[in-house]
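J.: Generate the whole structure from the sequences, applying the supplied hints.
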Amino acid sequence: MEHLANALVQGVMIGGLYSMFAVGLALIFGVMRLVNIAHGDLIVLSAYVALVATQSLGLNPLVSLVVVVPVMALVGYALQRGLFNRTMGADVLPPLLVSFGLSVIIQNALLMSFSADNRRLQAGSIEVASVTLTDAISIGVLPLLQLVLAVLVIFGLQLLLYRTAIGRAFRAVSDDPKVAQLMGLNNKHVFGLAMALSCMIVALAGVLLAIRANFDPATGPTRLIFGFEAVIIGGLTNFWGTLAGGIFLGVVQSVASSFDPGWQILAGHIAFLVVLAVRPNGLFGAAN
Amino acid sequence: MTIALSLRNVSKSFGAIRIADGIDLDISENEAVGILGPNGAGKTTILGLVTGTLSLDAGAVEFRGRDITALRPEQRCRLGIARAYQVPQPFGDMTVFENLMVAACFGAGKSIAESQAGCLEILEDCGLADLANVHAGRLTLLNRKRLELARALATKPKILLLDEIAGGLTQHECDELVALIRRVHGTGVTIVWIEHVLHALMSVVGRALVLYQGKFIADGAPADVIREPKVAEIYMGIDTDA
Amino acid sequence: MPEAQLLRVNALKTFYGDFQALYGVDIEVSAGQIVAIIGANGAGKSTLLNSIVGLNPAPPSAIRFCGTDIGGEAPYRIVRRGLTIVPEGRRLFTSLSVEENLLIGAEVKRPGEWTLAKIYQLFPILRDFRNRPARLLSGGQQQMVAIGRALMSNPKLLLCDELSLGLAPVVVKEIYLYIKRIVAGGVSAVIVEQDIQQALKIADHVYCMLEGRIALQGPARSLSREAIAAAYFGV
Amino acid sequence: MSGFHVTRSSTLTLVSSIGAVALAAVLASGALWASNDTLRLATDVFLYVALACLWNFLAGYAGLVSVGQQAYVGLGGYVLFALAAKANMPVLYTIPLLGIVAALLSVPSAKLLFRLRGAYFTIGSWVLAEVFRLTAILIVPLGGGSGMSLPVRVAQTLGRTPHDRFVMTYLIALALLLAILVMIFLVLRSRIGLALTAIRDNEVAARSNGVNVDRIKLVVYVAAASATAMVGGLIFLQRLRISPDAGFSVNDWTALIIFMVVIGGIGTFEGPILGALIYVFLRETLATLGPVYLIILGAVAIAVMLVEPRGIWGFVRSRWGVQLLPLGFFVGKSPQR
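Chains P, H, Z and D, in that order, are what the protein sequence lines are.
If you count by our numbering, then the first sequence holds residues 21 to 308, one letter each, in order.
If you count by our numbering, then the second sequence holds residues 15 to 256, one letter each, in order.
If you count by our numbering, then the third sequence holds residues 855 to 1089, one letter each, in order.
If you count by our numbering, then the fourth sequence holds residues 71 to 407, one letter each, in order.
Please keep in mind that the hints were generated in silico from the structure rather than gathered at the bench.
Mixed in with the good hints there might be a few duds.
Computed footprint of chain D on chain H, listed as stretches where at least three residues anywhere in the stretch have a Cβ under 8 Å from a Cβ of chain D [what the hints assert, rightly or not]:
#1 80-88
#2 97-110
#3 119-133
#4 140-154
PhoX-like mimics (lysine-lysine), calculated; alpha carbons at most 20 Å apart, straight line [as the list claims (entries may be wrong)]:
#5 Z/Lys1027 with H/Lys244
#6 P/Lys208 with Z/Lys963
#7 Z/Lys972 with Z/Lys1010
So the derived list for chain P, only partly shown, Cβ under 8 Å to chain Z, looks like this [said to hold, decoys possible]:
#8 Arg188
#9 Asp196
#10 Leu202
Keep in mind the model is a prediction, meaning the values are calculated, not measured.
Glycine is no exception: its CB is placed at the ideal position from the N, C-alpha and C atoms.
T.: The following block contains the structure:
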């Protein structure tokens, strides 16, 4: 029983990370109906940027966020203005294929620069620090930090969307991009900012992931899929739903893994397909 | 007389705008009905509710006594409900002839071989035969409207819903259109026609309805309906002081 | 002409793919004027407006605003120059509140007298509903928001596309009273209307479009009903 | 009577049809004269062309942009190995069975995936492929995570010498490719083909004209899955070895294929064939480049999407109005009037 409870707690923690993968995806879909297949590869790319920053500047990975987050924001803005904006239109095919091509390019560029070896960021003592709750359940400080950061990110995003001018612009462009530009908004710039913001969250998620688990150039697609599953399970309504979706996915994986590690990821996928079959609008989405 | 189409207590709004507010309406088999009303009154929306491209907030739609409220647009089309859109919706990368073939094969449920002759005939009727091989995306607005009508006819409809198809036509073209619609009506097809070009409408329909703020505020012989003061006030803007 | 010329559309042709919608349209608007553009469905009125605001491609010299060629510029740049539209069907941002809709209009940060306070002074009802989602307002109130949203950019010229669409006659009358008041305050306006009577009542100058061309134009008072009917229906 | 008549072919389509038949005959005769290396390369080409045409059928015609077709490639490979090595079924008989198994599995898959629209369908298809891959890892009798080889005795049923085996695989691959091309051609020429173009042009209008969009898409999805599995079976029959990572590789069976189709011309019949040929030509000339190779292909595909989304053949077709296959309708004036 305790063993199960521990799996549950760990699942909730990892779910925080998944929801961070997911909100970046949900944000750009919400603002510009773009699904970025390279999302997972951007997460891995940020991990490598952090790797370079820690090695060359001797920074602690958590401190390296000061570099990684702005770098990824620039990457995001540049990708949107240089690439995705040129494919936006009624047809979903061009942006999909372009982001898919980008995904393959990032993976192989990382493969060439860093080889296929497993990497990990060394964050020092925080990695092993933990809080013991009972004999069987202890919560790592790092996973806890992830969950807290995820909640903070989502809280911040909600504030940004509903309390700031840029958030208002995001929502206006999402409602009616044609009229938004007639009211003086530069949609391309707004889209660029949305992608930059998405990539900032990606950077945070990527660094946290890289401290916690091994990564290599090919791990991106799986992160994309986890994020996507969290979005769909969460129900596409708001970011809190996405957080719930991420936690649901984390718990399912963690509990399955406690029985047989081979089933961890498969169980998550199956849970997603079951949700799709039973409640296509998501577990936490509106019933309509 | 049997009823072709019924709306039963139909309601529909977009936000604060009420398009239909508990509408009841019966249209008989082989009737020809015109729908009038100011811009934005929701006439086009009513057609969308009948063809199933829009969903009702409340109420039911019946076709020949059968409740079709839950049916999808393609199912309603195959039952015999065809619509010519106000803003033409051609298949732009297909030729005019192929546009009709889609309607004949799927709307009327025929094979490719069975469809061809009928489609040619409709093209000639609608004055499009010489444009049969032209890609629909290259047609002028006028010809797109003709195609819209031709394609609706190719589904072999029992009821034909027309939305502003006479606008922009010259007098001669308008007369041809009226003659065509009368011919179609003559073969037993029920007609529901939204039109601002009144003289065209009046020469076809035997009954006119005026939609205003979610209700039909007038229903009767066209000549009587347009003389009603209420209708003149809200609809005939230019003629109120005449 | 003694008055300052604000907008000049010069031999504008517009195409949608292979389909030509405008065949060389000329229009002039002077400061302080209300110009009406009338015509049947499909005559090209909305196409003309969309070309002016930058939604359709146009050669630079085809549209001149305040002495600068602006044809083909991005819409948001044109707004910054002081040319705004109240779009057909209002097109409010449905998930934004009334006040947020108005604030979007102020994104371009053009200096001028129109502020939230002044909009609420003009349309007091909007102040009461400021935090409501815009989609829950009545048609007339939504039209006020749409006009207010456009005014928030402090335009020199306001384009109004089918203001009367879907509104009760009483409401239409009220909306046009507001337009008169706004123009009296120093903003010029181009109104596109199907309601001819309404257009004639308010406009200084009228253009009538037919099949992508200007079929008739002149000072509103000088045009006879017969001439308009002929130009309108092309008979 | 009507003064018009309908034809579906022109001189050009007649010539190209005869040319296609002649080309097929020449290719078939290759079994008699080609060397082992040529046969192997040609078999590769056939299988790539087949995958490209099938993906294009799905994405370019039915708008179902799947990045999960590797699910069916791997499925085909695994089922073939299971039937031939474990159940001792003659290899030739297994191939149609692969199609049937994949078709049966693809129906419930489609029912699930079709709940996701547009881009979400795309990622959903990837999840499904991952489910297939992770499931394969769990199946111990088929080698689990490390995969399995096809026993020599099974391979030898195709022919005693390596040359005989190459000839056999070559002929099966060619036959399968021709069958797939004919299938796609006939579907495009049928009512379904009309519906597919209509849906692509204007889905709302297609529905309003009686087209059951979901059913048409289901038919295409199932047909593509079934044929892809047969191609997958042949791919691994040629390789004699399969593993979950090789069988369900998104790079090998979907990314490369998508790049071929995009470069050649998505939504055209000829484009994927052209794209696959260009790919194999580049691979043979630039083989040593490694990952750079995928980067270049990806970049070219992106450039094509940005500059000319219709690809090389789409450009040729719109520029010169070439239509090699009798897919359209032509209405002519009858002479007697």
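J.: Would you mind marking each hint as holding or not holding in the structure?
T.: Now for the hints, and whether the structure bears them out:
no. : hint                    : result
1   : 80-88                   : holds (count 3)
2   : 97-110                  : holds (count 9)
3   : 119-133                 : holds (count 9)
4   : 140-154                 : holds (count 3)
5   : Z/Lys1027 with H/Lys244 : holds (17 Å)
6   : P/Lys208 with Z/Lys963  : holds (18 Å)
7   : Z/Lys972 with Z/Lys1010 : holds (16 Å)
8   : Arg188                  : holds (5 Å)
9   : Asp196                  : holds (6 Å)
10  : Leu202                  : holds (5 Å)
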